[in-house]
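A.B. asks: Listed below are the residues making up each chain.
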Amino acid sequence: MNGIRPIIDIKNVYKFFGQLQALNDVSLSINQGEKVVIIGPSGSGKSTLLRSINRLETIDSGSIIVDGKDVNGSGNDINQIRQELGMVFQSFNLFPHKTVIGNLTMAPMKLKKLSELEAKKRALALLDKVGIKDKADVYPSMLSGGQQQRVAIARALAMNPKIMLFDEPTSALDPEMIGEVLDVMVTLAREGMTMVVVTHEMGFAREVADRVIFMDHGQIVETGTPEHFFTNPEHPRTQKFLSQIL
Amino acid sequence: MNQHFSKKAVKIDIGDGAAIPVKKDRGLFNAWWLTFFGAIVAIIYLCVTQPEPYWRVLKFLPDGVLVTFQVTILSILMSLVLGLITGLGRLSRNRFINLIASTYVEVIRGIPLLVQLFYIYYALGRLELFKGLPPMAAAVVAMGICYGAYMGEVFRAGIDSIDKGQTEASRSLGFNRAQTMMYVILPQAWRTILPPVGNEFIALLKDSSLVSVLAVADLMRRGREFASESFLYFEAYTMVALVYLVITLFLSKGVSKMEQRLNYYERD
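Those sequence lines, one after another, are chains A and B. Its first residue numbered 1, the first sequence is counted upward by one per residue in our numbering. Its first residue numbered 247, the second sequence is counted upward by one per residue in our numbering.
The reader is advised that the hints may include incorrect statements.
[Claimed, not checked] Simulated pairs of lysine-lysine, DSS-like, Cα-Cα distance not exceeding 27 Å: (1) A/K112 with B/K410; (2) B/K452 with B/K499; (3) B/K452 with B/K503; (4) B/K305 with B/K452; (5) A/K112 with A/K135; (6) A/K162 with B/K452; (7) A/K69 with A/K98; (8) A/K120 with A/K69; (9) A/K98 with B/K452; (10) A/K129 with A/K69; (11) A/K98 with B/K305; (12) A/K110 with B/K499; (13) A/K69 with A/K11; (14) A/K110 with A/K98; (15) A/K69 with A/K121; (16) A/K121 with A/K133; (17) A/K135 with B/K305; (18) A/K98 with A/K129.
Read the hints as simulated data drawn from the structure, not as lab findings.
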């Protein structure tokens with residue numbers, strides 16, 4: 001391990017949904033600052049893997065260690081661990097009863113006991129960063145999908161997480177809005193954030209990923225740099241998948 | 247009080263209480279105005295043209311109206327607390343808690359309210375523990391327990407109607423279950439819950455006429471007292487019915503106003 005402790009360490013993880021084997025002996029280490037993009041056909045287990053990192057899915061066996069803490073360990077406070085893990089969903093999941101800035105300040109104020117003033121200051125800086133400072137006081141329902149997703153990213157960042165998890169962040173967006181969300185993600189990547197991204201955006205993978213992971217049938221089939229992946233994938237299933245989507 | 251909840255229904259329909267007027271529903275809107283002002287005009291007409299006995303009846307009733315409201319408000323508060331607990335219990339993953347909540351709902355729904363009132367006041371009143379329980383307290387406890395079961399279903403459906411993504415987003419930020427419920431789910435579920443709660447309030451107000459059998463001096467009881475002393479049954483009960491009607495219609499209007507205001511964050 002070259003003396004560097006991985007910030008996410010996934011070992012021999014199995015997960016079943018009834019009879020269906022969603023994860024089949026998955027192991028994966030991710031280092032601090034690394035950007036990992038997970039691709040694969042639907043039902044391949046990529047979202048399940050991502051969601052099990054912050055225990056939105058519980059695994060049946062194996063272990064997932066985040067920043068030295070076992071996510072499924074009984075002694076560890078999962079709510080504490082989750083504060084280190086920002087999560088962005090396909091369907092945004094903004095809180096509709098809160099304004100944009102309210103979405104950003106709620107968790108820092110309640111969980112980190114930030115003063116309202118401090119939380120708002122930080123929220124505005126984040127909204128500025130994702131380019132929608134002017135929408136701070138409107139409700140999410142007034143925003144376009146792309147804007148909502150950018151707010152969702154800012155909301156996750158407001159907790160100052162060490163790692164950001166993205167679960168198909170652009171899949172629910174109209175094509176013309178995908179770019180604005182990817183731009184924010186690229187900026188985040190350049191700043192050195194550790195990112196795990198499940199996506200179908202191969203352009204993003206090519207530009208940002210340190211490592212691309214191809215999953216199929218609950219298994220990691222192939223791992224490699226984007227160059228390796230998009231120029232000469234080794235595994236026939238990877239070749240088939242890439243030929244279908246590129 | 248047949249309630250039919252379909253899963254993920256955004257609006258909970260309850261076929262009880264006065265119909266809540268909706269702006270779009272012109273016919274109902276007119277029916278509301280017609281009934282409301284019809285009742286008021288009828289009261290005024292009767293009192294002006296035949297002050298004896300109608301004006302005398304009307305003057306006799308206000309104390310009862312106050313008691314009716316007192317019983318209704320205290321009962322609804324108790325039923326809201328019980329309803330929230332029951333609703334959460336019914337959604338609990340803990341089987342034991344779930345079973346208790348569900349059993350409570352089944353038992354209460356299977357016994358007529360009048361029987362429950364008699365049971366708590368007369369039957370339990372025989373026990374040493376409850377001896378000397380004032381009728382008012384017995385009435386509020388019985389109505390609160392009864393409506394708590396119905397309210398539990400309202401809360402359950404309201405909480406259940408909130409998208410699962412909201413819980414996931416909240417938990418991902420680091421909120422625990424209770425915080426998620428308090429800061430994310432309930433503030434949203436409230437909008438779905440409030441109209442049926444308003445309806446239950448109106449239904450409860452009407453059902454509260456049953457407490458007159460426990461010698462609680464509510465609106466109905468006052469009417470009965472007047473009637474039995476004067477033998478003017480027709481006049482007394484006509485006024486009682488009209489007063490109930492005016493109160494109920496007035497409240498249903500209030501509920502619809504509240505509902506409109508609660509939709510503020512979905513206006514485009």
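A.B. asks: Against this structure, judge whether each hint is valid.
C.D. replies: How the hints compare with the structure:
1. A/K112 with B/K410: Satisfied, since the Cα-Cα distance of roughly 24 Å is no more than 27 Å.
2. B/K452 with B/K499: holds, 16 Å
3. B/K452 with B/K503: Roughly 21 Å between the alpha carbons, so the hint for B/K452 and B/K503 holds.
4. B/K305 with B/K452: With a Cα-Cα distance of about 21 Å, the restraint between B/K305 and B/K452 holds, given a limit of 27 Å.
5. A/K112 with A/K135: OK: A/K112 and A/K135 at ~24 Å, within 27 Å.
6. A/K162 with B/K452: Outside the cut-off at roughly 58 Å; violated.
7. A/K69 with A/K98: At roughly 32 Å apart (the allowed maximum being 27 Å), A/K98 and A/K69 break the hint.
8. A/K120 with A/K69: Not satisfied, since the Cα-Cα distance of roughly 31 Å exceeds 27 Å.
9. A/K98 with B/K452: Violated. A/K98 to B/K452 sits at ~37 Å, over the 27 Å cutoff.
10. A/K129 with A/K69: violated, 31 Å
11. A/K98 with B/K305: violated, 49 Å
12. A/K110 with B/K499: violated, 37 Å
13. A/K69 with A/K11: holds, 13 Å
14. A/K110 with A/K98: holds, 14 Å
15. A/K69 with A/K121: Judged against 27 Å, a Cα distance of about 31 Å means the pair is violated.
16. A/K121 with A/K133: holds, 11 Å
17. A/K135 with B/K305: violated, 57 Å
18. A/K98 with A/K129: holds, 20 Å
Of the numbered hints stated above, those contradicted by the structure are hints 6, 7, 8, 9, 10, 11, 12, 15 and 17, listed in ascending order.
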